[in-house]
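Go by the hints and put chain S onto chain R.
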Amino acid sequence: MNQREKEEYLREYAVLKAQGKPFFPYIIVKDGVMMIVVIGTIMLLSLLLGGELTAKADATTTTYAPRPEWYYFWAFELLRVVKPPYLVGLATVGIPTISILLLILLPFYDRNPERHPLRRPIATTTGIFLIGAMFFLSYLGAEAGAPSRIELGPPPAIQEADQATQTKWDLGRKLVAQSSCGGCHKIGENGNDGPGPPLTEIGDRLKEGAIRETLINPTAPMPSFADLGADQIDKMAFFLSSLKSGGEDEGASATGAEGGGAESEGGSAPSKAP
Amino acid sequence: MAKLKLLPSLPVGLRAPTRPGDPVEKKGPIGHAQDAGIHAVDWVDERTSLSGTMRWVMFRPIPKGTNWFYTLGTATMVAFINQVITGIVLGMYYEPSATRAYESMKYINNEVFLGEFVHGMHRWGSTVMVVLIFLHMARTFFFGAYKYPRELNWVIGVVLLVLTMLMSVTGYLLPFDQRAYWASVVAMNIAGNAPIVGPFTPDIALGGPDVTTLTLSRFYLIHMMIIPGALIGLIGAHLYLVIKLGTTAPPWVRADKVSAGLKEHQE
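From first to last, the protein sequence lines are chains R and S.
When the letters of the first sequence are read in order and numbered with this note's numbering, they come out as residues 2 to 275.
When the letters of the second sequence are read in order and numbered with this note's numbering, they come out as residues 445 to 711.
Okay, chain R solo, but in the shape it has when bound (with noise of 0.2 Å):
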């Protein structure tokens, strides 16, 4: 802005303001109003929500998935989706930084005397794409599975088989989300899909054997799962090698399958399969 337009500014906004109206009492009564809204809203969210605590914390626990409040989630996705260890960084800490930089530099680079949205397209075309950029990656950031659980049903040939290859599949399916294994592999809903390649179809691929020899002599980076000893392993490998391609939607859909009171959403990935 130059001179002149901040003069012209200037002088339009008293002639604005001598039209106005004193804060006192016309205008302050719209704050009260607002006021009362905001308090009541808040204590209607204490008396519904409450505040609740999860059990006491425990630095020893391994299971627990940590999640941020709903408004991190963005920043929760971007450390989700951000793979490459040398762009971690840059997505956790440099995209906030930069952001925060650009918002707090908006009026020295926004030259532009004027205001009005619609004479600002780019200023505000820019607003609504990152506003929908943030709900959006909220919006993923809320919808992802946990690492630490898996959320797939049974495939049909482990639901028509008897109980105790039932138990041992679903025996399997606890070990494998306990064991972290999400961390590098995404599993259906589940996991972080990558270092390591995705497990959801991991049964085509490879044999029962073949899994179970990998548990025990991965190539790095993966660890070692032999300390578990060889009934955990033949477990998880059962559970490993029963994920395959099609016919999971129907098995999927008809049971739940997390014992944590998570909703199962098996169904929808082997859906997204080839």
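In silico DSSO-like cross-links for lysine-lysine, where the CA-CA straight-line distance does not exceed 27 Å:
id, chain 1, residue 1, chain 2, residue 2
1, S, K508, R, K7
2, S, K550, R, K57
3, R, K31, S, K508
To give an idea of the interface, some chain R residues facing chain S are shown, with a C-beta separation under 10 Å as derived from the structure:
id, residue
4, G21
5, L48
6, E70
7, Y73
8, F77
9, H117
10, G128
11, I132
Simulated restraints, written as ranges between beta carbons of each label pair:
id, chain 1, residue 1, chain 2, residue 2, range
12, R, I29, S, G680, 17 to 27 Å
13, R, Y87, S, D654, 19 to 29 Å
14, S, M669, R, A227, 48 to 58 Å
15, R, E115, S, L678, 21 to 31 Å
16, R, D163, S, G652, 47 to 57 Å
17, R, Y110, S, G680, 24 to 34 Å
18, S, D654, R, G230, 22 to 32 Å
19, R, Y140, S, Y592, 29 to 39 Å
20, S, E555, R, L207, 49 to 59 Å
21, S, G652, R, P114, 49 to 59 Å
22, R, L229, S, G680, 57 to 67 Å
23, S, G652, R, F130, 34 to 44 Å
24, S, E555, R, E115, 55 to 65 Å
In case anyone wonders, no lab produced these hints; they're calculated from the structure.
Backbone N, C-alpha and C fix where the C-beta goes; we use that ideal spot for every residue, glycine too.
Coordinates of chain S only, in the frame set by chain R:
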């Protein structure tokens, strides 16, 4: 000669103040007692001139066209005041130590009169405050209200946003339950990734490599003293600038169409 806009006259219920020339009426002790409040206010005003400030704040003209979007700033401040008051109440019972924090929160929830209600108001109040800040910011952005002469107020506003986000990070740990603990571990891992300052963050914020009782007392200090102090100071500056510079009119309200009424005052 320009017409002077006088302040609104006193409501009928109030007496006009006596002036030096007025006849002195004799008052009994009851009359003096009735005037005690006025005298006390007068005494303070004579030494502070606060009445001028009050008039400046309360009777400032607000441009025409102001609508409900302009209450979002007040709404944010109300949410902040809610956080201050409920935070003080929670602070009366809360103990910032790894062994006692969770138990004291349980005590607040289960034993203290209306404890869970106040805890809930603090927790959901933070959500409401963040939503209102974003709405307030969106209004400022789309109305172009950050432009001359209000650039500095926008900068202060963004700093307030950052401080509020830091409040929610530090406050999230304080109940010291599983959710709080693991979210803080992740947050610190993220902060540790930062270039240059990253490696030092855990030492400074956590008091060591892990989330421990030291972390809890540091987060408590940051959450209870450092950031609230900064927030209150900056909100003061934000409000001072709002009142000094005046609130904007919506950008579609133009003065030139309605300036005829003003011209007669200027003759």
